[in-house]
Structures are given as structure tokens and as C-alpha cells.
Amino acid sequence: MEELTTAVSEFTVSTDTIWILVTAVLVMFMQPGFALVEAGFTRTKNTANILMKNLMDFSIGSLIFWLLGYTLMYGEDIGGFLGKISFFFNSDEINGVPDKASLMFQTVFAATAATIVSGAVAERTKFSAYIFFSIAITAIIYPISGHWVWGGGWLSSLSTPFHDFAGSSVVHSVGAWVGLTGAVIIGPRLGKYTSDGKARAIPGQNLAFGALGVFILWFGWFGFNPGSQLAAAGSENASAISHIFITTNLAAGAGAITAMAVTWMKYKRPGLSLTLNGALAGLVAITAGCDVVSPGGAVIIGILAGTLLVFGVEFIDKVVKIDDPVGAISVHGLNGALGTLLVGVFSTSNGLLYGGGAAQLGSQFIGVLAIGAWAMATGFLLFFILKKTIGVRVSKRIEEEGLDIYEHGESAYN
Amino acid sequence: MKKIEAIIRKTKFEEVKEALHENGIEFFSFWEARGVGMARESRVYRGIMYDTSSIERTYLEIVVRDVNLDKTIEAILASAATGEVGDGKIFVSTLDERIRIRTGERGDESLYIKD
Chain L
1 MEELTTAVSE
11 FTVSTDTIWI
21 LVTAVLVMFM
31 QPGFALVEAG
41 FTRTKNTANI
51 LMKNLMDFSI
61 GSLIFWLLGY
71 TLMYGEDIGG
81 FLGKISFFFN
91 SDEINGVPDK
101 ASLMFQTVFA
111 ATAATIVSGA
121 VAERTKFSAY
131 IFFSIAITAI
141 IYPISGHWVW
151 GGGWLSSLST
161 PFHDFAGSSV
171 VHSVGAWVGL
181 TGAVIIGPRL
191 GKYTSDGKAR
201 AIPGQNLAFG
211 ALGVFILWFG
221 WFGFNPGSQL
231 AAAGSENASA
241 ISHIFITTNL
251 AAGAGAITAM
261 AVTWMKYKRP
271 GLSLTLNGAL
281 AGLVAITAGC
291 DVVSPGGAVI
301 IGILAGTLLV
311 FGVEFIDKVV
321 KIDDPVGAIS
331 VHGLNGALGT
341 LLVGVFSTSN
351 GLLYGGGAAQ
361 LGSQFIGVLA
371 IGAWAMATGF
381 LLFFILKKTI
391 GVRVSKRIEE
401 EGLDIYEHGE
411 SAYN
Chain G
1001 MKKIEAIIRK
1011 TKFEEVKEAL
1021 HENGIEFFSF
1031 WEARGVGMAR
1041 ESRVYRGIMY
1051 DTSSIERTYL
1061 EIVVRDVNLD
1071 KTIEAILASA
1081 ATGEVGDGKI
1091 FVSTLDERIR
1101 IRTGERGDES
1111 LYIKD
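Protein chains in written order, with the working numbering: chain L, 1 to 414; chain G, 1001 to 1115.
Note that these hints are calculated values from the structure, not bench results. Just so we're clear, the structure is a prediction, and the values are computed from it rather than from any experiment. Careful, some of the hints might be misleading.
Covered, in the sense of this in silico footprint (three residues per stretch, anywhere, with C-beta under 8 Å from a C-beta of chain G), are these stretches of chain L [claimed, not checked]: (1) 188-201; (2) 269-280; (3) 309-318.
Heads up, the beta-carbon is just placed ideally off N, CA and C, and yes, glycines get one too.
Hey, can you work out the whole structure from these sequences and the hints?
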């Protein structure tokens, strides 16, 4: 009998480990998705640059997160604020799954937060500054706010714990808010605004890249959300991951359809570029509550996300006048916050609509504000220091002729 | 000897080419051209309406002997017209000299292959 118990427990570890590693690979595959979206939504003269930034934030993020980011986030809790760092992570322990499987899974999440920024600051940011930024977000900014939620920090110990299942706020908003501060400090691209402040269209080079990238991201999200269950063995986990697949997919579809409908009404024709963002908006928004909302709730979250996306892009572009070439702030920032808040409304266990009162919604507000304030404050500080030291923006001539040739000495298209 | 430059719709290129071939005009150059003019279209990119007055057309350059001038023009007129604004223009000018690089032949002889 004891042998049988051991065998079952061994088998559970295997199943869960395979699940985590397979979904880690799916999340890693979101990197080419981001790379394609960002390359497609920007101009050919900056393609090598944006690809290089995407390659480097993943590569640097992988090393830095192993070096110290992972334990800063998941190490033994210090005062609810951060984890105890142990450098060069090399644990062979098994906590449910091998620690190294957890490191791998969490690394691809950290890299996702980092890569969101490159889109918001595309086409004008100095490459050397971007490298420093990539180090800072994966070493400090992301792990600390991540610790508050997933590492046993203060947001997870509220009387009604803050709920962000797979990272609408922890991953997506953090990346977007840092990107927002970067976009503000670096300033808009040349030619984005007329002298009287009117926004101008700077069409991206290739919407086929954009569409392929969005499909890849959607595909990768089936690792991002269901993988965050962190286990697959047993009927309870099996049900949970299946449920999360459905809520994730429904929200993405609803987000895309809604964005299409809104652009159709606003601009007389259904616009591809914003509809692609709409699918991503749905995915970002469902990420926080994908485990606790019903399929119907997921559709409503997707509808709200697709609507917010279109108005958000216009608001950021035309009203606050922040130049975000790929819509990262609206997709990941606004919709990350929206999705996190909506957990307090649509959670079937304690949401407002399900008779759970406002306690969860209150915690969600606290979390959104705290994470937003943290990411914006550290992001501002980081980009401000970079601006005063090595500089964050390329010269006018380099920007006009393209970052590819001057920053990298090669062009993407020859 | 005349140089005929014609700006035509991209969609009419194949028809014009056939019409020229039917009239014995075998040699000409063409390239994609962009210009500004009366034909305009408005587009929306990420919520911003913008007016693209940049129009894409095909630019033909045909050098012919004087005897072939009229039929070449007729062929282009007949094949490139739709009646809508934006059908394009034809320009005719007189050339001073032509030389075939391979043989050094000058004048009309450089324009066709002698049997």
C-alpha cells in the first residue's frame, strides 16, 4: 500500500512538472509574438532595432532572473515587501514540482513583463539605455511587486487577499506602467504630433506580422493562464486548467469582436490594427480572474476590455498625448487594471455580482493602485537616471534615418 | 523620333501593354510611380483619420519613330481610359538623339532590329 502511495505521488510530481515545463515553453513562445507585433506596428527603418530589443530583454531577463530576481520574488518573505535573495539559483529541492521547473516557469513571466516595454518606447529609444532598463525590471521592479502578490508578500496577506491569478497586474500592468513612464520621459517620435499638438498616424510596416504575432500571443496565453494553476494532476487540477482554457479563449474572442464593432461604429470600417489589439486586451483582462469567473463572466470581461482598448488607445494618443506605437499602455496597462478590478465583480466565489460584497473589489483596488504606483515610481526613477547619465533617446538624425543603420549597423530589409 | 511618357492606372497596365504590342510597339520601359493629384482616399490607422494624397500609378516611357507616334497614342488612349478621374496623362516630346549601345547605330535605325 505504501509503495502504491509513493508511486502515485511520484506520478503526480511528474505530471505537474511536465505541465509546468510545457506551459513555460508556450509562454516563452509569446516572445516571438511580441517581436512580430512590435515589428509589424512600427516602420521598416527600425525593424532590426525592435527585434534586437525583444531578443535581448528575453536573454538578459533569463540570466538576471536566475541570478537574483527569482529569489527576490519567491525567497523567504522579509516584512511582506520582498524575498530573501540567494544568488545563482541552483536548488534541487522538490516543492510540488522541482524548484528548477518553477524557476523556468517564472523566468518566462518576468521576461514577458520586460518585453512589453519595448513596444511603448519603440522607434526612438537608445539601445544601450534599453539594456540597463531590461536589467532593472527583471532584477528589481518586477520581482518586488511580484513578491507582494505571489511570493507571500503583503497583498497576499490582506484580510481578503488580492487576487491576480496569472498576472493581469503583476506581469502586464507592471510592464505597461514602466513603459508609460518611459514613453513620457523619452517623448513622442518625431512627426507624431503636429506643432499644434494634433496626433498624426504613423502606419506600421506590416499588419501581416501584427496578425501573426497576435495569433502567437493568443496561442501562448494557453500556457500563461492555464499554466499558472502550477499543477495538472488529479481531477481538481484537470477541471481547473480546462476551465481556464475556456475563459481565456472566450475573453480573447469577445475582446476582438468588440474592438471590431467599436472601430466599425467609430470609423465606419472595421479596422484590423485595433481589432488585433482587442484580442490582446481580452487576454490581458481575463488573466487575473481566469480561474474564478464563469465562461459568461469571461465574455463580459472580454467585451469591456475590447471597448476600453479602442477608447484607451485614442485617449492615450490624442488626449494625454503619449506616443505608444503598438498600444502597449492600453492593452497591458489599462486592461490589466480593468481585468484585475473585475475579479472583484465577476468572481463566482466572492464577487460583487455573486453576493460576495465589496471586500474583494476593495482588495483589487488596493492591489492595482499599489502595483501601479510602484511600477510608475520605479520606472520614472529608472528612466530619469538613464536620461541624466547615458541618455535615453537617439539623436534627431538617427531617428529620422532609422535606428537600424546607426544603432546596429545593419538593416532588416536588404 | 518622339518620347512618349504616359502615367496610367496600375490596373490598366496589362491592357496597355497588349494594345502596344498589337500595334507593333515592342520596346518600352515602365516603373511604379507615386504622385499627388485629384484622386484622394481617406484612411484610418489606430483611430487617426489621415488623408493620403499619395497615389500609385505606373509610368511608361516609350520612344518611337515619328511614323508610329499617332498609333501609339491611340493605343494608350483606347486601353487606359475608364472615364473616371485619375486615368492619367500622356506627354510627348521630341528627342535629339538615340544610340544603340551594342552597335553604336544612331537615329531611327537604333530603334528596330533590321532583318
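Against the structure, the hints:
1. 188-201: That given contact holds, which follows from 3 residues of the region 188-201 of chain L lying within Cβ reach (below 8 Å) of chain G.
2. 269-280: Three-residue rule met by the region 269-280 of chain L, so holds; n is 4.
3. 309-318: With 5 residues closer than 8 Å to chain G, the region 309-318 of chain L meets the three-residue bar; holds.
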